Amino acid sequence: MEGFPIISLITFIPVIGMLVILFLPKEKVQNIKITALAATLIQLVLSVILMANYNYSAGGIFEESSFQFIDKFRWINIEGLSWIGTVKIDYFMGVDGISMPMVLLTSIISVIACISSWNISKSLKGYFALFLLLDTGMMGVFVSLDFFLFYVFWELMLLPMYFLIGIWGGPRKEYAAIKFFLYTLLGSIFILIVMLGLYFSAMEILPDGQRVFTFNILTMMDQSNYTQDGILSPFNPNNWRMLAYIALFIGFAIKIPMFPFHTWLPDAHVEAPTPISVILAGVLLKMGTYGILRISYPIFPDITRELAWYIALFGAVNIIYGAFVALAQKDFKKLIAYSSVSHMGYVLLGMASLTTAGINGAILQMFNHGTITAMLFLIVGVVYDRAHTRGLNDFGGLASQMPVYTGFVTVAFFAAIGLPSLSGFISEALVFIGAFHVESIRVITIISTLGILLGAGYMLWAMQRVFFGKLNEKWSGLQDLEMREYIMFIPLTIIIILLGVYPSLMLDVMNTSVNTLVDFVSTNFTNISLGGL
Amino acid sequence: MSLISLSIITLFLPLIGFTVLIFFGKRFEKIYLFEVGILFAALIISILIAYFKLTAYINQDLIFAFTWIDFGVTPLIGEFSIDLGIKIDNITVLMLFVVNLISFLVHLYSIEYMKGDIRFTRYFAYLGIFTFSMLGIVLTHNILMMFMFWELVGLSSYLLIGFWYEKDSASDAGKKAFLVNRVGDIGMLIGILILFTNYHTFTFDEIYAQIAVGNLPFDSYAWLTASGILIFMGAVGKSAQFPLHVWLPDAMEGPTPVSALIHAATMVAAGVYLLVRIFVMLTADAMLVIAVIGAITALVSATIALTQNDIKKVLAYSTVSQLGYMVLSIGIGAYAFAFFHLMTHAFFKACLFLGSGSVIHAMHHEQDIREMGGLKKKLPITYYTFLISSLAISGVPLFSGFLSKDGILAGSLAFGNLTGHWLLPIIGFTVALMTAFYMFRLVLVTFHGKPRNQEKFDHAHESPKAMTIPLITLAALSIFIFYTPNPFNSEAGWVLSDWIRTPEQVVPNEVRFDFMKSDAATGQSEITHSQMYTDAAHHAHYPAMILSLVLAGIGILIAFMMYVWGKIDSEKLKTKYNSLYKFSLNKWYIDEFYDASFIAGTHKSAKILAWFDYNVVDGIVNGTAALGRFVSMLSGWFDTYVVDGLVNFFALLNGFLGLSLRRIQTGKVQTYVVFVVFSLLVLMFFFRPF
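Sequence order for the protein chains is P and E.
With our numbering applied, the first sequence closes on residue 533, and no number is skipped along the way.
With our numbering applied, the second sequence closes on residue 690, and no number is skipped along the way.
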């Protein structure tokens, strides 16, 4: 793999696809679709190749040499810019055990969402162009190791998402799109401010001995690179690091979405077309938790240790609160949306434990939630395409009418409930094992276990209302799954079962990095006395 | 081939059956035979395993384990991994045989019972996945793996209870079963987490080894007790113990063979099996809690069973009651009898349920015993097998139930004697009386007397062979000879003297019951823990036996007096003790209480939080947006009228000035010259040198 820019290729293959589509005449509907599918499929193949060549024993996290498939060169180079000085920004990408699962998840979900987009009829060319741009934005976030680059991708993803919801969405699409856009933008501003604060605090030594400010995330993780008086320097006896951490956290928390910043999610999901919901739940939400693990944790280990209890608390609130609100929903899609809020709470709880089991569980939960919830939104899409309603109480008895569909639904629902032998169980169990291990958050963990009861409650109740009982005569014309839907459901089902039975497939990929991260966060930035907040 | 490989084969056979049936069920009509065949193979293998284990390896346990998840060397707790594995001891092989036998008989029975069902092959597929999960519970060597299979049997139970999901009552019952079980499972999960946090392993033996060397959870006896009770919560859910017993009677919505297999013989006994597995780590306090819960369960459900009219409901409450006995038995330290009763109960209760299925089948899905009567003549095989099983459950000598139940009752008497908890044996004996009564009420009302619904009676006919063979097999297994040569002394038999041996507890002596403190007298042949307990049990043996015989006799006698000889008018009793009758008939109103409290409370909380979410949390967001819009409107107004107004004002002013000033711009040179000269003069005046 030496010298072959596979990471960059994975990231930008969709943009190449987009350019091809832009040059295609808009009447060539089939060609546009196939180009998009080809782009996402090539991305998937490359990701699989990446995974196959991935070295499981390399830690990553803070050490450039143990990152893999690095692409790095000077991107922006401005000499002597008045008071700012020399600006040097790197194009710096690479993967470790934390990003590898996300890269794979993004490429899988993109292919599935692309297939799911097959029935889109309104201005197809624009749709697929934006779709592919979105894909690049997401992938870029997961592989960037330079904060500036990370931020560029973070923002890049926002724009196509806005249009994809705002143009191809449901009745209240404008409201939902603007809400999503502004909310995320608000978060971006927080991230931007912290990014600049860090930029002016950490310096990199160039080969020629020159010291310059840097956006390199890895440089920011080493406390010896900070200037004495930098605003976010650990040596600076002010409270800015704490404030910066909170600001950054809010920026990421909006994406997760963490209570109380979650209300954009149900609206965005309900209005978004099915494939976009799939992407939203499958990949986008993970960017928040990924950002925390990639940036907040190793750059601010001191504050992380101090605030871990609160992160756990918010995790528990997400789990319980999301589950309760999900229980009250009458709209199938909203129910799944709130179940996402609940399930992302497990990720927060696991991360907050700062243990190997907990963080492994959290990352695995990110992956599993991605695949399971993607499937759940596809499931809603199937029934909405046919019946043009999503009211849970409008259905009944679909199990007899659509038996194969019901079979897939059963797998997905029970995976979401956390049934052993399906993937959701392992990640939730690891989260609980890790979180329970930490004395300070043990009570929070015990309260969180209530989530597995409530989760079963709203899922089984939804299942009963839609699929059991006497068939509502109105739906006696509904057809069971067609080939295209099989193609979407079967791979996801296989992944869900495979990771449920043999979770080491994924855990082995991330375990070394997780151990490195846990070790790093619990031992670094320790000898600094902070002014209390 | 080693016993381990054989047991792995028997574990996975039913899963293969499930997979094949799910994928090819639609295409091949006869494929259910594949599943039945597979179960037969599994049964044969489990017999082989039991035979070799109980002969060649009787004193040796076989363990096989592999690393499932390896975390390597972790920063905080060092090296750790999660293992999966199998442990084969005597309990395992006996249970393996029981599960496979009953599962096979139920498969066989179902061929006729479920004939014509629209989801016939699906039914067999579900039976397959159930058997797989149940065998997993039986074979596992660690508690996490047990929890996983524990949840999987929950799934198959859910699927089979709600098998006829077109009926709302069936899908309700399935959901209820799953959720109520989850309540118990949460406790079990927390118990497991406590153990893992302290010992960094899930394997039973490794945990016990640590406790045995005095390594307590969080260094306290209280946590050891708590972890025992929390894990027991799992059993409370699965074995339908009070207060989580409410799901089991509703579970009767499932097909009757399922009730026999899952909700009588095997799955519900998994809770007891779990207790058998964790017995060695139970402290005295934990055991007392377990005993009390078991006794309450036995009593409450027996009182309910007295008045039920649905043939399956009577049997369901009877199951709950018998499970209560087993749990009580663990709690009082009568370990061997708990497992023994689990086995004997599995056979006679499966027989009773399959018998009731035969009746229901014959009566065209009539389940109300008030519509039956006189079926003895029409269904002779069903009648005699049902009778034998009823004698067994009532504790009549020569039958298996007598052996196991008598042991439990003697144990409770000894326990009362040793600890002063006399209420436990009193409840135990009261329940024995009630059991004999309600079982014979069932037998007599259903099979004796005159038919109460002539039309249905006339159409009734004995079931086909596929259904009667299982009945005969199970009824035969309810006879003493399979367990002991002496029908009055179970301890003389091979089951209790050779196969099931009470293990030595690992908890520190300080937190054991006095009578369970280790002493040298614990020999191989004894079935109890200490000389003290052995003596007490021996002393209790004859009084308990006589008392239980008398009580069973009285119970049966009252049933005859009420329903055959007409000496006691049951209607009069009903009116006389109307409130008691209603209380029993309505199951102590426990469901109503749960509906009004927990269920309604949850829904209410959900509604309130959803309201909060839309109106407060989202309200703040929208409010902020509205505020933003208002501010921008305001600044827009400000911009238009003030900022831009100022600009325009200056523009206007300029214009005005320009207009005014342009008068001066006449374009005539003479005028400009005059201005210049005038201006010069003015300037010269100001800058005059003087």
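Don't read these hints as lab results, they were simulated from the structure.
A couple of the hints might just be wrong.
Claimed, not checked - The calculated DSS-like cross-link candidates involving lysine-lysine, where the alpha carbons are at most 30 Å apart (straight line), are: (1) Lys465(E) x Lys470(P); (2) Lys88(P) x Lys28(P); (3) Lys517(E) x Lys313(E); (4) Lys465(E) x Lys122(P); (5) Lys72(P) x Lys313(E).
Claimed, not checked - In silico contact screen, one side only, chain E against chain P (beta carbon under 7 Å); selected entries: (6) Tyr165; (7) Glu166; (8) Phe196; (9) Ile568; (10) Leu609; (11) Ala610; (12) Asp618.
As the list claims (entries may be wrong) - Some residues of chain P that are not near chain E, with every Cβ distance over 12 Å (derived): (13) Pro5; (14) Val87; (15) Glu204; (16) Asn360; (17) Gly434; (18) Asp508.
All values reported here derive from a predicted model rather than from experimental measurement.
For each residue, glycine too, the CB sits at the ideal point set by N, CA and C.
Could you check the structure against the hints above and give me the numbers of any it violates, in ascending order?
-> 1, 2, 3, 4, 5, 9, 16, 17, 18
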